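Protein sequences, first through last, are from chains F and W. One gets the working numbering by counting positions in the first sequence from 1 and adding 1 to each. One gets the working numbering by counting positions in the second sequence from 1 and adding 15 to each.
Rather than coming from a laboratory, the hints here were simulated on the basis of the structure. For clarity, every value in this text was computed on a predicted model and none was experimentally measured. Positions of the beta carbon are idealized from the N, C-alpha and C atoms, including for glycine. Fair warning: there could be bad hints in the mix.
Covered stretches of chain W (chain F as the covering partner; in silico rule of three or more C-beta atoms under 8 Å from a C-beta of chain F) [said to hold, decoys possible]:
1) 38-50
2) 59-72
3) 114-125
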Amino acid sequence: GAGVSQTPSNKVTEKGKYVELRCDPISGHTALYWYRQSLGQGPEFLIYFQGTGAADDSGLPNDRFFAVRPEGSVSTLKIQRTERGDSAVYLCASSATNLGSPLHFGNGTRLTVT
Amino acid sequence: QKEVEQNSGPLSVPEGAIASLNCTYSDRVSQSFFWYRQYSGKSPELIMSIYSNGDKEDGRFTAQLNKASQYVSLLIRDSQPSDSATYLCATEAGGFKTIFGAGTRLFVKA
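Bound-form chain F, shown alone:
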């Protein structure tokens, strides 16, 4: 079966623009996560979905960031009015629903805000 798929792999945008990052999880995985990773740092938790609902969005840095998962499968991370500090690799991961399941990561989207 296919792994977690993220598109685009790279995105360059100008400061102030709007971007959407897409994640297609492993089939059957109900849990979906978004992380942000800067150079030399570990993945920083942003938001977690269980099914269609955001179970924990405590990691979203501010109201410019928003994520949806309308049908409980594909998720989109949306960033409004991008800033240079948003530049990072955005990682999506999925896992089976039971507690203690490890995460399966996609290849990430490298976002560069110029």
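Guided by the hints, dock chain W onto chain F, whose structure is given.
Leaving out everything else, chain W in the frame of chain F:
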């Protein structure tokens, strides 16, 4: 603020030696602990998971958990140059939210 702490390294060991990676966590209710390996420019991949106190062995890797001390470690026996990577310690901080340490960079010298 729930945290996972790791020494950033780099940790350098000769080929064939044992590499020892350490991690502490702040959330006493954490039940699940993971070690991920991340090669430069790649995404993290799971190496080991451990859920109860003691040792868990898988090939050249051994994870050790001590919940009383809030301490997790990873031992890599017979280290190979291909083991050179960043090793991320992770735990579940309440519910399903998995949080990561900053990672320890390991270099295995041939």
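So, going through the hints one by one against the coordinates:
no.: 1; hint: 38-50; verdict: holds (count 3)
no.: 2; hint: 59-72; verdict: holds (count 5)
no.: 3; hint: 114-125; verdict: holds (count 5)
Checked against the numbered hints above, the structure breaks none of them.
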